[in-house]
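> Given the structure of chain R, go ahead and fit chain S with the ligands onto it with the hints provided.
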Amino acid sequence: MLHAYEKFSDLDALYSPDAKVATSMYENADLFNEEMERIFKRTWVWVAHDSELADKGSFKLSNVGLEPVIVVRDRKGDVNVLVNRCRHRAATVCEVKKGKTSSFQCPYHGWGYGLDGSLRGLPYPEQYGEDFDKGAHGLKKLRTESYNGMIFATFNDEVEPLVDFLGPEVRRYIDLFMKQGGGFPVKVLGEHQFTVPMNWKVQLENTTDAYHFPVVHKSFMQSLDGDAEEAFKFLDTGKGYVEDLGNGHSVMVMIPERIDLDENLDDPVEERFLPLVQELREEGYPEDQVKKIVRAVGGAGFNLNLFPNVSFSLAFFRVLTPINVERTDIRHIALGMDGGPAAANRMRMRLHEHFQGPMGFGSPDDAEVWERVQRGTKGGEDLPILVNRGLIDEHPGALGPRGHISAETGMRAAYKMWKRMMSL
Amino acid sequence: MNMMTKTNDLVLLQKVSAFLWAEADLLDAKDYDAWLALWLTEGFYTLPIGEGDDFDNQLNLCHDNDRMRRDRIQRFQQGFSISSAPPARTVRTVSRFVIESVEGDTVTVSSAEHVIEDKFGRQRVWAANMKHTLVASGDGFKIRTKVVRLLNSDGMLNSFSYLF
Ligand code: FES
Ligand SMILES: [Fe+2]
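In order, the protein sequences belong to chains R and S.
Per the UniProt record's numbering, the first sequence starts with residue 1, numbered consecutively.
Per the UniProt record's numbering, the second sequence starts with residue 1, numbered consecutively.
Isolated chain R, as found in the complex (with noise of 0.2 Å):
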């Protein structure tokens, strides 16, 4: 460790005073180990929302920074975030990627943990003699703490809690962003997966980037009809902004009519909502229900950004997980209204599957120039990647700088917060 501190000690050459970003940062695969340990193995890292494990017994695998772990809700209720190693000699203990079981089995020599990751039982112990501590050799497991459905995970026992590592804008932003559920619990439905070529931070600063939108998106804005495409003008109407809400955390707020999804409920209704309003009329939802529901149905309308691995974007969660210095798997997550009617949940999923994921209309232009990006940085090591843009005219928020809509303010909060980490 020692070793690889003195190599990177010059953090200001990496991420300059002046808001420069070195080439390295995007190439180096020292620096970027030094991330996984420095970063992914310190800090709270998302791991899966309350909604995904339903039951007692249901689990899903993730993974904290490079490392496979199993979540899964134990018989008393509560979520482990376990290693998926067996304490043996290392085989993987769960293969399958969701589902529901009462134990975990090793497949090579049949070692039986428990869901709260205990070891319960193995073949022929007496080998092991008398004194073999069976309360020593369960699955690593991680601290774990949630907030309003979204469960993180950490290997830092030290970290503070949760809840102040999020901070008191982090906390209100979600529970605005939860009112998704439009009057029902908010609900996992489906996730779309794809890997791009790139270093996990040029996913970071997309999330909160406003001055990509109408360029990377044209073809997806001449998809929508006249209002829908008037709703993702933010650029120009330019009433919206990005703030660093402290610790690498920021907002865009792209909407500002739509944060509180339940103000401004009169507002006229979009075009494409119109036949879901039919809709629930005719289920014979009362009409202050069908307002709600289908206001609820467009999203949030700013995106919040996490540092390190997670963001929430009008009716979804994306996922980053850094696989190597050029790779970083992309996962959408749709969400519906656990609950809720069926036909606001199908309207949710075909706009997922209109922006997002590998067939969408939005992710792949998404993925092509982050691919330019990490091909691009193959030229010129000594120039810089610029993420000064909006210096100019930011001014203090709640509390951190707020700047114009397509300010790089939120990029610029992802690598204080990288600076802070790294140089500890």
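Treat the hints loosely; a few may be bogus.
[What the hints assert, rightly or not] Listed next, the stretches of chain R that the computed footprint assigns to chain S, with coverage defined by at least 3 CB atoms under 8 Å from CB atoms of chain S:
1) 187-195
2) 283-291
3) 338-349
4) 363-369
[Said to hold, decoys possible] Covered stretches of chain S (chain R as the covering partner; in silico rule of three or more C-beta atoms under 8 Å from a C-beta of chain R):
5) 63-75
6) 80-87
7) 153-160
Since the hints were derived computationally from the structure, they do not count as laboratory data.
Predicted model only: the values in this text are computed from it and were never measured.
Heads up, the beta-carbon is just placed ideally off N, CA and C, and yes, glycines get one too.
What follows is chain S with the ligands alone, placed relative to chain R:
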């Protein structure tokens, strides 16, 4: 089964194969206007995720009605989508045809598809099980439904700038 129906079965298999091969050729050539013309307006083009088949009520990679198919093609053709300007080039093989049912003028046929794409000097390989519902029309068929199940539809994919 008598000799006559056997012959009829083979003729149908041959007709269906010829149709699917011609479709595959259009997709590799990215002759999308001709491809759109193969469809019945009420048809759905679907790439599901996983095994489920309640496509309306599940998240798919795509689940296109007529409007979405046309918008998708327009996106490919207008030149504003950076991922499809230029798109990856593809070479595909469609085979292992099995006629699953014949009802009136409607044929359901399953097949295997292998697609190799090339872009940025790298090639990727995709394999899928396909199922077409075809309706007899003139000398050939029109597509009512086409379901393409990628072998790893619920795994890590890449983004696609072409159709399967
Ligand atoms: S490696 Fe798991 S029981 Fe031996
Ligand atoms: Fe984008």
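> All the hints need checking, so say for each whether the structure fits it.
Comparing the hints with the structure gives:
no. : hint    : verdict
1   : 187-195 : holds (count 7)
2   : 283-291 : violated (count 0)
3   : 338-349 : holds (count 4)
4   : 363-369 : holds (count 6)
5   : 63-75   : holds (count 6)
6   : 80-87   : holds (count 5)
7   : 153-160 : holds (count 7)
Hint compliance for this structure: hint 2 is the single one not met.
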